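*Asks:* What follows is the residue order along each chain.
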Amino acid sequence: MTAAAQLGETCALLESLVERIDVGIFAVDRSGTVALWNTFMAVHSGKSSAVVRGQNLFTVFPELPRPWLEKKLESVFVLGNNAYTLWDLRPYLFRFPNNRPITGGLAEMRQNVTFLPIRIAGGEVGLVCGTVFDYTDTALAQHKLHDAIAALHQEKDAQAQLIVKLEAAQNQLLQSEKMASIGQLAAGIAHEINNPIGFVNSNLQTLKKYCQQMLQLISTYQEGEAQIGNVQLRGELSALTQSMDFDFLQQDLPELIKESENGLLRIKKIVEDLKDFSHVNKSDWQYADLNAGLDSTLNVVWNEVKYKATVNKNYGSLPAVECLAAQLNQVFMNLIINAVQALDESRGMGTITLSTGHQDEWVWVEVKDNGRGMSAETKKRLFEPFFTTKPVGKGTGLGMSVSYNIVQKHHGRIELDSLAGEGTRFRVWVPVKQTSIAD
Amino acid sequence: MTIEFIGEDQREALQEVANIGMGQAGASIAKVLGEFVELSVPQISAVSAAGIPAALAALAGDGVASAVRQAFLGELRGEAIVIFSEHSAHDLAELLACADVLDGPAERELLLDISNVLVGACLGGMAQLLRTTIGFSPLSLLADQVPTSMLLQADEISARCALLVEVRFRLEKRAFRSHLVMLMADDAVAALRRALDRFIEEL
Chain A
0 MTAAAQLGET CALLESLVER IDVGIFAVDR SGTVALWNTF MAVHSGKSSA VVRGQNLFTV
60 FPELPRPWLE KKLESVFVLG NNAYTLWDLR PYLFRFPNNR PITGGLAEMR QNVTFLPIRI
120 AGGEVGLVCG TVFDYTDTAL AQHKLHDAIA ALHQEKDAQA QLIVKLEAAQ NQLLQSEKMA
180 SIGQLAAGIA HEINNPIGFV NSNLQTLKKY CQQMLQLIST YQEGEAQIGN VQLRGELSAL
240 TQSMDFDFLQ QDLPELIKES ENGLLRIKKI VEDLKDFSHV NKSDWQYADL NAGLDSTLNV
300 VWNEVKYKAT VNKNYGSLPA VECLAAQLNQ VFMNLIINAV QALDESRGMG TITLSTGHQD
360 EWVWVEVKDN GRGMSAETKK RLFEPFFTTK PVGKGTGLGM SVSYNIVQKH HGRIELDSLA
420 GEGTRFRVWV PVKQTSIAD
Chain B
0 MTIEFIGEDQ REALQEVANI GMGQAGASIA KVLGEFVELS VPQISAVSAA GIPAALAALA
60 GDGVASAVRQ AFLGELRGEA IVIFSEHSAH DLAELLACAD VLDGPAEREL LLDISNVLVG
120 ACLGGMAQLL RTTIGFSPLS LLADQVPTSM LLQADEISAR CALLVEVRFR LEKRAFRSHL
180 VMLMADDAVA ALRRALDRFI EEL
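Protein chains in written order, with numbering that gives the first Met the number 0: chain A, 0 to 438; chain B, 0 to 202.
With the rest of the complex left out, here is chain A (with noise of 0.2 Å):
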């Protein structure tokens, strides 16, 4: 085979590689003027290489980027230097229908082009070959990668949400655990104290008679006393009389008993406060007096009232409410604490009003203070679980979103009023029937 015939077939075979490459091929010179098109190129472009070669590739493709690809073209041919386009970054150079007809996805094919610097007999560069890789697989495949990532984000947040609210579910639950077993605990309590009241009790409404009686024997002794013949004993019997200060003790005595009554009264209406407030037999739901309720509450937490507000009532009349009474006990006690604890000290005593009334199918009950009141930020955070203002180790900032969540399970709603430096009121409704509203 000579020379030139080996040289002919070489051309050919190359020739025949370019034609069918799964690769789009062209080729233009520095004027735009198209010198190469291969198959790939005619079919997807549907324009065939007799027609494309010999144009400007702008003429027969105006919907080409112009002065960009004129720039980037210009740029092979004076560094000599291959040039990109990337299909994530620009998706395609030339507009091809994509290779999935049928199928579908994308609407465009999605192409990758490499501009290569082409030298003739080595020297400048004379043409720039474009090489179109098809990436619309590629393109897909990232697509559905980057909806299964974002799917997968979404789903974990949505799981981090839930075990926020787990968490908070949890914290209720053990907060109201926790006010269950207080509760059971303070009536057992109650209970043991009702016994040795109820024989202290007895034992000195005897004592009470027998000190009557023996007053009254003695009185009688004295007025017999002059009738004593024995005149050292008349002395024994003055001095001691004058030494006890006989006629105090006669007049003490009866003052003391009534004094215990009173203590023993007082005793007995705390343990009956305590075993209401608690209401640990009564669990269900039943018709209460909220009045009587707001009033044992009180009564309860009044240690920690006493010395530092003045309790105004303003109680309206209101019907039996269908409720869980100790609970709503648990939410008047939070509310009193509260303003207890916003009241201002440096301002001497506060004033903490409570009210209630009645309007239509509900009723209400308020806690107001005169206290320091509510920033916004803390308004806004107030039923959050464990918010709290107050130092560290005295609140759990748990008795308001526990209180949040017990009015809720009442279908009431709390309202709040409240002015920094002025004071905060807060008012509970609660229907008067579940029935009512549920569902």
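Just so you know, not all the hints are guaranteed correct.
[Stated by the list, open to error] Far from chain A, by Cβ distances over 10 Å, these chain B residues were calculated:
id: 1; residue: GLY6
id: 2; residue: GLN9
id: 3; residue: LYS30
id: 4; residue: LEU38
id: 5; residue: ASP61
id: 6; residue: ALA105
id: 7; residue: LEU128
id: 8; residue: LYS172
[Claimed, not checked] Which residues of chain B face chain A? A partial, calculated answer using Cβ under 10 Å:
id: 9; residue: ALA120
id: 10; residue: PHE135
id: 11; residue: LEU138
id: 12; residue: LEU141
Treat the hints as calculated values from the structure; they're not laboratory data. All figures in this text were calculated on a predicted structure; none of them were measured in a lab. Even for Gly, the Cβ is constructed at its ideal location relative to N, Cα and C.
Chain A is already provided as a structure; the job is to place chain B on it using the hints.
*Replies:* Frame of chain A, contents of chain B only:
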């Protein structure tokens, strides 16, 4: 820590090659972009792998920057990193005759295109002087508007140490400051030494 990659003669030769290469590069960049680009005198140094991120951050200064990388292949092998410490998408779009930049991908493409021109011109110029041919890989974005200390993470670097050639670019009257850093790993420096020796002999 100083790392001795190349002898004093070779270093001088590299400096010479870099100087001439950048001069030629400046001319070709001006032809492509249609504007005169100020290039600094190339600085050559050797750094340990751990020192590369810090070196890049030091070049870029404070604030945020973007970086583009491109591999160069052939007898001389390594990676070029172009750090954009200050640029305006609008100015770059004008330089490259783009429609004004509207979205993120278009702006990133601008950075890649500019980097291709800068890297191709500078490294191509040096390769020509060293009578060797180098090819370039497609470019990719290494970092997009990150604090300069985060341009490159030390644990991403596989080389033990690297030879670093740094050039600064500025465009008059435009918000554009960038650095081109040519990094060659220690095991690729042998080829550079041979090429430099050839260059010295031919002088």
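*Asks:* Each of the hints needs a verdict: does it hold here or not?
*Replies:* Hints, verified against the model:
1. GLY6: Non-interface label stands for GLY6 of chain B: nearest chain A Cβ at 30 Å, farther than 10 Å.
2. GLN9: holds, 26 Å
3. LYS30: violated, 5 Å
4. LEU38: holds, 15 Å
5. ASP61: Consistent with the label, ASP61 of chain B stays out of reach of chain A, its closest Cβ about 28 Å off (over 10 Å).
6. ALA105: Nearest chain A Cβ is 7 Å from ALA105 of chain B, so the label is violated.
7. LEU128: holds, 14 Å
8. LYS172: holds, 19 Å
9. ALA120: holds, 5 Å
10. PHE135: OK, holds: PHE135 of chain B within 10 Å of chain A, min 6 Å.
11. LEU138: At about 7 Å, which falls below the 10 Å cut-off, the nearest Cβ of chain A leaves the hint on LEU138 of chain B intact, so it holds.
12. LEU141: Hint on LEU141 of chain B: violated, closest Cβ of chain A at ~14 Å, above 10 Å.
The structure does not agree with the numbered hints 3, 6, 12 stated previously, though it agrees with the rest.
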